[in-house]
Amino acid sequence: MAGMCYGVNMGETETSTPVEPSSKSARRRRMEIHQFNFVPNDSAVAPPPLPKKKRQRIETVVDPVPPPPRSCGVEGNVLTTVPEEEDEGSTTTTFDLSATTSNDVVPTERPKFGMTSVCGRRRDMEDSVAIHPSFCDSRSGLHFFGVYDGHGCSHVATKCKDRMHEIVRDEYGTGELSWEHTMNQSFSKMDKEVTDWPRGANGGAASSSCRCELQTPHCDAVGSTAVVAVVTPEKIVVSNCGDSRAVLCRNGVAIPLSVDHKPDRPDELNRIQDAGGRVIFWDGPRVLGVLAMSRAIGDNYLKPYVIPEPEVTITDRTVEDECLILASDGLWDVVSNETACGVARMCLQSRRPPSPPRSPGSDVNVTDAGESSDRACSDAAILLTKLALARHSTDNVSVVVVDLRRGQ
Amino acid sequence: MASSSDQVREHSCFQEWIAQQECDLSELLHYMEAPANSDETSAAREVCLRQLVDKNIRHFQAYSEKRIRLARDDVSPFFSPTWCSIFENSLLWLGGCRPTLLIRLVYALCGLQIESQLDKFLEGIRTGNLGELSARQLSLINDLQGRTIKEEGRLSSCVASLQEKIGDQPIATIVNESSSEFLEPNAKVDEALDEHEQSMVSMLEEADRLRMKTLKELMNILTPLQAVNFLAASKKLHLCVHACGKRRDRFHGRRGK
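For the record, the sequence lines run as chains U and R. Residues in the first sequence are numbered from 1 upward in steps of one, following full-length UniProt numbering. Residues in the second sequence are numbered from 1 upward in steps of one, following full-length UniProt numbering.
Quick caveat, the hints were computed from the structure, so don't treat them as lab data. Warning: the hint list may mix true and false statements.
Stated by the list, open to error - Straight-line distance between alpha carbons at most 25 Å, and here's what the computed SDA-like set of lysine to any residue pairs gives: (1) Lys150/R / Asp395/U; (2) Lys150/R / Cys212/U; (3) Lys189/U / Pro304/U; (4) Lys235/R / His392/U; (5) Lys216/R / Arg123/U; (6) Lys120/R / Arg391/U.
As the structure is a computational prediction, the values presented were derived from the model and not from experiment.
Start from the sequences and build out the full structure, keeping to the hints where you can.
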């Protein structure tokens with residue numbers, strides 16, 4: 001908890017812990033891992049990577065995953081795209097930024113990260129993830145990470161994935177000094193875009209491969225969470241709307257950099273009631289008995305009770321920072337912040353030990369030493385995802401792990 | 001006419017399949033439990049496991065082909081088999097299991113193993129089981145799941161359309177125009193029903209094809225050891241549901257299964 005005050009500006013938030021039904025928290029506690037027996041820096045550290053024999057076979061049998069839209073050292077780390085979106089074509093955008101990145105003579109700090117996003121036990125994929133290293137220009141060292149968990153349909157989350165980083169880049173480019181203002185403006189513009197989109201002249205009709213096909217009135221009842229982290233050389237700027245979450249792992253301590261917007265959070269409850277809305281318990285607290293979060297991008301029909309205004313936290317980076325975890329509630333519903341940090345940091349600390357020869361498939365992505373940290377982040381993301389599936393997460397699961405250690 | 005012998009053949013086709021499943025399961029378990037032979041190289045063991053997986057897939061394929069041949073003569077029993085328990089029948093999707101059930105089973109097995117071995121995993125101990133699905137494997141499985149869900153949806157809506165058609169022409173017209181003699185044999189109605197059954201054969205074929213395709217793709221994504229683990233678990237599940245279903249039938253006084 002002390003960590004919450006560490007250079008963190010919680011905006012209008014006054015409480016720091018999300019309210020949680022006691023039975024649920026008790027269940028979570030029961031599900032915690034009791035103990036990690038891992039000893040850092042023991043003899044198992046830094047063995048040579050295994051030769052990869054199996055990979056080619058796997059690749060020839062199954063269609064390979066489309067390559068990530070980035071150039072800088074992410075091969076194999078960007079794990080999964082939304083199945084429905086693959087035929088859509090609109091999500092595999094090419095970014096003008098990548099050109100500058102790859103041509104850059106003196107690259108700034110290269111972010112190391114891993115990402116996993118799976119449909120899991122649901123039949124619809126509504127999560128989206130966006131990762132854009134050096135998203136403003138190649139020298140400023142600003143990296144963008146976003147997790148969007150859609151509800152009602154997938155198109156708002158998809159739109160956020162496609163557009164949010166561009167909007168933030170443009171806002172940043174206006175020279176506005178405060179990150180808080182920049183992010184507020186960006187979220188507001190993002191919300192306006194998704195709200196106007198279906199009504200626009202060239203509507204979404206052409207690109208609407210989503211379930212609702214952007215038909216009004218249904219598409220008014222669609223929205224998405226958004227947790228966006230802009231990592232600069234000095235700071236971590238986290239902007240959040242909804243119940244996805246960003247957690248910083250600092251010297252083994254889990255520090256939440258966002259507080260979930262649940263309708264029963266006292267300040268949110270007050271805000272909703274002051275606006276004339278009500279929170280009704282219907283399978284948990286819901287705004288007007290409908291939506292189980294109090295802020296979101298989209299959800300036009302629930303305005304002004306559900307707002308797209310983010311809470312922005314700005315955290316100074318320290319040498320003790322290990323990693324940043326962004327994830328949808330598919331992870332956080334079943335894995336606590338502390339467990340997630342514990343797992344992620346162990347993956348970062350342990351270089352991959354040699355696997356027994358019988359499991360070649362578990363070891364497919366190691367390329368060269370330079371990418372081993374990306375590999376560790378990828379390991380962390382996938383392990384957290386599998387842990388969520390292990391604990392019967394019934395939702396889509398999306399996890400991003402960003403390595404924050406200096407000079408690795 | 002040929003009905004009683006049809007029933008016998010269909011029934012025995014299934015009984016042989018169950019026996020085959022039991023036999024395959026014990027072979028799979030035998031391989032899983034056998035201590036790694038020190039003389040045997042890991043590559044040789046892998047080849048051996050892969051052959052075992054391929055053999056199991058061939059058995060699935062053979063069963064599927066056999067029942068499609070039977071279904072061409074008499075398709076309806078395959079959608080509501082008299083040889084399965086009532087409980088099993090309540091789980092059927094187009095004459096068999098839902099293909100996406102395979103994905104859920106992978107996730108369940110992966111979860112089971114990862115939760116029980118997390119400490120060891122973090123210590124760097126690897127066993128090569130399903131808990132160790134790699135990033136690439138998980139990605140491929142997720143992709144397979146997406147495509148399979150879509151295909152399931154497509155087939156489900158085809159069969160919905162066929163089922164609705166019973167209430168439409170030509171049967172609706174024939175029945176409506178005849179006064180009360182619809183209880184008598186009617187060539188036109190029979191013709192329409194024959195046509196419907198033909199369509200149902202195609203549905204069964206397509207569903208079986210999707211089940212096989214999903215299984216084969218999954219087997220290719222998994223390592224041989226993981227695939228053997230998965231096959232053993234899936235057969236245990238099938239045999240368990242079959243046995244439990246029969247017990248439930250007996251409990252509720254339904255006999256003769």
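Hint by hint, here is what the structure shows:
The hinted pair formed by Lys150/R and Asp395/U meets the criterion: a straight-line CA distance of about 18 Å does not exceed 25 Å. Simply put, Lys150/R and Cys212/U have alpha-carbon atoms about 15 Å apart, close enough for the 25 Å limit, and the pair holds. Distance restraint check for Lys189/U and Pro304/U: the Cα-Cα separation of roughly 16 Å lies within the 25 Å cut-off, and the hinted pair is therefore satisfied. Of the supplied pair hints, the one linking Lys235/R and His392/U holds, its CA atoms being roughly 22 Å apart against a limit of 25 Å.
Taken as a hint, the Lys216/R and Arg123/U pair is honoured in the structure, with Cα atoms around 21 Å apart against an allowance of 25 Å. With a C-alpha separation of about 18 Å, the suggested pairing of Lys120/R with Arg391/U holds against the 25 Å cut-off.
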